[in-house]
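Work out the full structure, taking the sequences as your base and the hints as a guide.
Which chain is which? The protein sequence lines are A and B, in order.
Letter 92 of the first sequence, counting from 1, is numbered 92 in my numbering, and no numbers are missing.
Letter 1 of the second sequence, counting from 1, is numbered 1001 in my numbering, and no numbers are missing.
Simulated from the structure, these hints should not be mistaken for lab results.
One should not assume that every hint holds.
What the hints assert, rightly or not - The list that follows gives simulated cross-link-like pairs (lysine-lysine, DSS-like), each with its CA atoms no further than 27 Å apart:
no.	chain 1	residue 1	chain 2	residue 2
1	B	K1057	A	K2
2	B	K1013	A	K70
3	B	K1057	A	K70
4	A	K42	B	K1013
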Amino acid sequence: QKEVEQDPGPLSVPEGAIVSLNCTYSNSAFQYFMWYRQYSRKGPELLMYTYSSGNKEDGRFTAQVDKSSKYISLFIRDSQPSDSATYLCAMAPRGGGYNKLIFGAGTRLAVHP
Amino acid sequence: KAGVTQTPRYLIKTRGQQVTLSCSPISGHRSVSWYQQTPGQGLQFLFEYFSETQRNKGNFPGRFSGRQFSNSRSEMNVSTLELGDSALYLCASSLDVSGGGEQFFGPGTRLTVL
Chain A
1 QKEVEQDPGP LSVPEGAIVS LNCTYSNSAF QYFMWYRQYS RKGPELLMYT
51 YSSGNKEDGR FTAQVDKSSK YISLFIRDSQ PSDSATYLCA MAPRGGGYNK
101 LIFGAGTRLA VHP
Chain B
1001 KAGVTQTPRY LIKTRGQQVT LSCSPISGHR SVSWYQQTPG QGLQFLFEYF
1051 SETQRNKGNF PGRFSGRQFS NSRSEMNVST LELGDSALYL CASSLDVSGG
1101 GEQFFGPGTR LTVL
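This is the structure we're talking about:
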């Protein structure tokens, strides 16, 4: 079993829809949670970073963390064609003295006009 | 503020050759991590350097190595290239010294091994 599970999709939605992307994890040591967006043939771009349970909002994006269920989500409101990309969840343990991210497989999202 | 830069952006090599990739982190960032991205395995951690020292290493063979210079720039080297080494190699930098901090990625170097 992988430490981080993420449905690879693809997910196709109409413009303006609310998109929900999810990851589950098995390692309770994970304390930091990130969402990255990656366009084709580009490097991942950090969208959201959180280290506590609950919600964090930034514009049209909301990240949600439920540590008790080991489940994280990213919601995209009013989705746009420019949101079409692969979304990767990533996690890291608390402290440890080093930076090492464990990634989900990524979900491919297509927003069509 | 300039982002993470990686050179070269594209490389084509043949089996058995070796390759060196370069990464310049965001100014002020002292932690540099390397990841390999392939369609089959996704993004996998290779190693991390901080203050010129390797702090952590992923599950890759010894053919993969790296180093960091005093200005925080980093290089990774792959020797005796295999077809399976074809991938996007990504570098990420972080300001955080204790781990778990935000990591910012460069555009990657796409390596093709023929």
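What are the numbers of the hints the structure violates, in ascending order? 2
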